[in-house]
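**Q** Chain residues, written in single-letter form:
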Amino acid sequence: MISKKNSNRPVGVIGAGSFGTAIANILAEKTEVLLFSRDPGMVKSIAETRVHRDKSIHKNITPTGDISYLANLCDVIFPIVPSSAFRSVLQQLSPYLYPYHILIHGTKGLDILLPGNKDLNTITSIDRENVMTMSEVIMDESVVVRIGCLAGPNIAKEMSANQPAATVVASHYDEVITQGINLLRNDYFQVYGNKDLIGIELAGVLKNIIAIASGALSGLGLGENAKGLLISRGMVEMIHLGKAMGGNVPAFLGVAGIGDLVTTSNSTMSRNFTVGYRLAKGDSLNTILETMEEVAEGVNTVQIAKLYANSHKVTVPITEVLYRILFEDLKVEEGLQMLMKFPYNVDIDFL
Amino acid sequence: MKSNQEGKQKIYKPILAGTQEWPVVRLSNNRKQLIEQISEEAFQKLIKVQRGHSLREELETTLYLEKLRIKKNPWAVDPEDDYSFWNKIKHELVDLVGSKDASSKEEEILRRIISRYANEIAGNFKKSRYKLAREIIKFGFKRLLNATRIGGFKAIFKNQYTLNDKIQIKGKAKQLRKLAKLGTVVMVPTHFSNLDSILIGWIIHVLGLPAFIYGAGLNLFNIRILAYFMESLGAYKVDRRKKNPIYLETLKTYSKVAIEEGAHSLFFPGGTRSRSGKIENSLKLGLLGTAMEAQRSIFTRHPNNDGRKIFVVPVTINYNFVLEAPNLIKNYLSIKGQERYYVENDEYSTSYKMVKFLVKFFTKGSNISVSIGHGMDLLGNYVDGDGNSIDTKGRIINTRHYFVSNGEIAVDEQRDQEYTRKLSEIIVREFHRINRVFASHLVAFTAFNLWKRQYYKLDLYDFLRLPEEELVIDYADFRETFIEIRECIFKLKKANKVEVAGHLKGNPDEVILTGITNVGMYHSKRPLLLSKEGKITTQDLNTLYYYHNRMDGYDLEKEF
Chain A
86 MISKKNSNRP VGVIGAGSFG TAIANILAEK TEVLLFSRDP GMVKSIAETR
136 VHRDKSIHKN ITPTGDISYL ANLCDVIFPI VPSSAFRSVL QQLSPYLYPY
186 HILIHGTKGL DILLPGNKDL NTITSIDREN VMTMSEVIMD ESVVVRIGCL
236 AGPNIAKEMS ANQPAATVVA SHYDEVITQG INLLRNDYFQ VYGNKDLIGI
286 ELAGVLKNII AIASGALSGL GLGENAKGLL ISRGMVEMIH LGKAMGGNVP
336 AFLGVAGIGD LVTTSNSTMS RNFTVGYRLA KGDSLNTILE TMEEVAEGVN
386 TVQIAKLYAN SHKVTVPITE VLYRILFEDL KVEEGLQMLM KFPYNVDIDF
436 L
Chain B
744 MKSNQEGKQK IYKPILAGTQ EWPVVRLSNN RKQLIEQISE EAFQKLIKVQ
794 RGHSLREELE TTLYLEKLRI KKNPWAVDPE DDYSFWNKIK HELVDLVGSK
844 DASSKEEEIL RRIISRYANE IAGNFKKSRY KLAREIIKFG FKRLLNATRI
894 GGFKAIFKNQ YTLNDKIQIK GKAKQLRKLA KLGTVVMVPT HFSNLDSILI
944 GWIIHVLGLP AFIYGAGLNL FNIRILAYFM ESLGAYKVDR RKKNPIYLET
994 LKTYSKVAIE EGAHSLFFPG GTRSRSGKIE NSLKLGLLGT AMEAQRSIFT
1044 RHPNNDGRKI FVVPVTINYN FVLEAPNLIK NYLSIKGQER YYVENDEYST
1094 SYKMVKFLVK FFTKGSNISV SIGHGMDLLG NYVDGDGNSI DTKGRIINTR
1144 HYFVSNGEIA VDEQRDQEYT RKLSEIIVRE FHRINRVFAS HLVAFTAFNL
1194 WKRQYYKLDL YDFLRLPEEE LVIDYADFRE TFIEIRECIF KLKKANKVEV
1244 AGHLKGNPDE VILTGITNVG MYHSKRPLLL SKEGKITTQD LNTLYYYHNR
1294 MDGYDLEKEF
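Chains as they are written, first to last, in our numbering: chain A, 86 to 436; chain B, 744 to 1303.
Hints were generated in silico from the structure; no laboratory data involved.
There's no promise every hint is true.
[As the list claims (entries may be wrong)] A few chain A positions that, by computed beta-carbon distances, are all more than 12 Å from chain B:
| id | residue |
| --- | --- |
| 1 | Met127 |
| 2 | Lys140 |
| 3 | Ile208 |
| 4 | Asn247 |
| 5 | Ile262 |
| 6 | Glu309 |
| 7 | Gly313 |
| 8 | Ala329 |
| 9 | Arg363 |
| 10 | Phe427 |
[What the hints assert, rightly or not] Pair ranges (Cβ atoms, derived):
| id | chain 1 | residue 1 | chain 2 | residue 2 | range |
| --- | --- | --- | --- | --- | --- |
| 11 | A | Asn202 | B | Glu1230 | 17 to 25 Å |
| 12 | B | Lys1236 | A | Ile208 | 44 to 52 Å |
| 13 | A | Asp434 | B | Pro1251 | 42 to 50 Å |
| 14 | B | Glu783 | A | Pro249 | 49 to 57 Å |
| 15 | A | Asp434 | B | Lys1236 | 20 to 28 Å |
| 16 | A | Arg135 | B | Asn1149 | 23 to 31 Å |
Think of the CB as a built atom: it goes at the ideal place given N, C-alpha and C, for glycine as much as any other residue.
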């Protein structure tokens, strides 16, 4: 039975990655779901085998390769695709979207819009108008205004196993938050609402930086003291950068901030953690990226965050060092030394 | 004056043949019915939303505030039975304690209060008086202009200058006329001077538009002459002393119903005049919200999409000289940083002072330009000539869809509020975009920042306290910086982020001279002067700060 509140229209999920599929499975317990993938082979295989990424697919899920069909049928859509593909997917979707659509995205990355022929390696300074969160991309590319995001400790593999997890649905609109809660909430998935859309998006995005660093510490074989130090200082760095980009402090202290940060920093399953871990083990970034099945958003985020922090005079030692490790061949051990020598020792300065 | 040569104003034909057709006339013909409708709607809303108080508490608070107002802050315009009305309410409330049908009695009292407020707020438009008032204004202004421009008392009956020469209308005038035929226009101008409402009234007439309704401070009705003109021009009364929820709800309902009935409206969304001289950067959402509500209500009542669409049209008014500037800025500086109840301090509290102000303005005021912005729907989407909302990709949007949930129009006040907030941000952006930079604004901006840079260690207040004699800039230095800043302005103009007055282009020496001669030209203490020795000085740093603020919000400070 579908509850009347959610109307009897199916809900759309765009992107059949591991997180997208996990969300589709949760949604499917309450409503019909259309799951879009742009890979026709994948659509076919999901439809025939009812298994995807080693997980079984709920009977209420119908895979589709037709994005206009999905937009016409669904008022509520969850776009969950990597940030690098997000804009092009939105451009594809946009002609079929209307102001009554609700879009709740689950992408923890940033989009970058640079003037003319510049790219991230040649530009020396960026402003807020060059960096967009996914909600801003949605606004930029479509007429949709009822926009929300999902962020929180939700590792796809654990969610698929029905282990307890939680998420924040952030939106300026009560309507979007209520819809999100109605659609997602179940006995093992707790859903919280938050009005600070940008803050929550940034919390989800920036924590990936710290997750890479945490993986690196782990790869070096370091213990819990080091991790505690990293997480708390990482938090401070997220908050400074987050504030500079338009978020408010409280967003970083909740489920989508601390909650997600602690989870990802401890999880060997997390992609970003894996990147850091393997870097510390001596793999090069290129080797790591080539062998990863899904995108680690953190790598791109480090690059943008470092540039943004430099342009706006925000002190971000961890991001700075990670940048040099990722893109300038600094050894992880040396990076750690640099951080330990960093001459800044005020504990809390953001409240 | 240079900007004089920017071209003769076009004469527009009225868009509606007779005043009988005017929405505001239709409203005033049905005044009684209208007030009943407003009262009923406001009553239903107040009953529904209790804000955590019982109705009795709401009534008692209102009674308390009203009695306080009558005692502490009575005005000439207040009705004679003000005291007795509220006294009666007081006794009735006392008698109700413990009574069986208390709640229905309380509702009856609430209705009475609402109806009193609605009657007070509602305008009393009379088309005969409108015509007369308009003619008087036209005639008077023309005479004054000619007397001063050509010189001598005799010139008072010459017709060489008309208001049209003095007031430039720029921007989307034609579109505005079209939109006023297609739907209901809500005009939202910037607010710098008390003259703005008269000026806008004039613009509306010149453009051939029917009269707009607008909320005018009740304090202005204390002045007889003004009261006469304003009532005639479609004003309804807003009493800023009354801040109780019952009054505010009635006021908002008035505006909502009037817009819904198709009356073109005028709000100054900044609330009061800009005291700092900055273009408004945050707006009051109350009245804007009534337009949102009206639009949703129209969509609900017209499921077939044949309801009138509401168009928001931002307008900026650009002055070289704001008569009230020295007072406004003093006021701004003294209240900045502390939110406190602002007691309206009027520059002209009597008819005499008012007339004096007008005379001064029209004899002394330099040219004014009014920029009319692109028409938008209530979500801030631009509309085309047919009133269709267009998205950034050039596709048509059905505005109705913004109010739809699960396939039908749904009432969601939080969503409306959020839409209103979004709209206000877009209006602010449009203000900055259609603002026309005058040479006078730019010289003030340049000089102020050059001095500010020189004393970068001082905070604003200490800086403003510097003795004016110490502030001198060499013309050559000034010229160099001015040219740089002007380049930035041209770049902004190219990026479509600001408009530029024609006189700003061309030989920099001439432009600087035009600017310095015009900026605050008739203040007794001039904000900027150019000495014969080629030094730039000021006589009043505060006023210079005021005119400099006009260029705030373009991120130009970083050039210094």
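**Q** So, for every hint listed, does it hold in this structure?
**A** These are the hints, each one checked on the structure:
1. Met127: Nearest chain B Cβ is 29 Å from A/Met127, so the label holds.
2. Lys140: 31 Å, holds
3. Ile208: Consistent with the label, A/Ile208 stays out of reach of chain B, its closest Cβ about 18 Å off (over 12 Å).
4. Asn247: Its Cβ never comes within 12 Å of chain B, the nearest being 30 Å, so this holds.
5. Ile262: At about 10 Å from chain B, A/Ile262 fails to clear the 12 Å cut-off, so the statement is violated.
6. Glu309: The assertion about A/Glu309 holds, with a minimum of 44 Å to chain B.
7. Gly313: Correct as stated: the minimum Cβ-Cβ distance to chain B is 40 Å, above 12 Å.
8. Ala329: Consistent with the label, A/Ala329 stays out of reach of chain B, its closest Cβ about 16 Å off (over 12 Å).
9. Arg363: 42 Å, holds
10. Phe427: 29 Å, holds
11. A/Asn202 x B/Glu1230: 17 to 25 Å: The hint (17 to 25 Å, Cβ to Cβ) holds, given that A/Asn202 and B/Glu1230 are roughly 23 Å apart.
12. B/Lys1236 x A/Ile208: 44 to 52 Å: For A/Ile208 against B/Lys1236, whose Cβ atoms are near 25 Å apart, the range 44 to 52 Å is violated.
13. A/Asp434 x B/Pro1251: 42 to 50 Å: 47 Å, holds
14. B/Glu783 x A/Pro249: 49 to 57 Å: 52 Å, holds
15. A/Asp434 x B/Lys1236: 20 to 28 Å: The hint (20 to 28 Å, Cβ to Cβ) is violated, given that A/Asp434 and B/Lys1236 are roughly 41 Å apart.
16. A/Arg135 x B/Asn1149: 23 to 31 Å: 30 Å, holds
Violated hints for the displayed structure, listed by number in ascending order: 5, 12 and 15.
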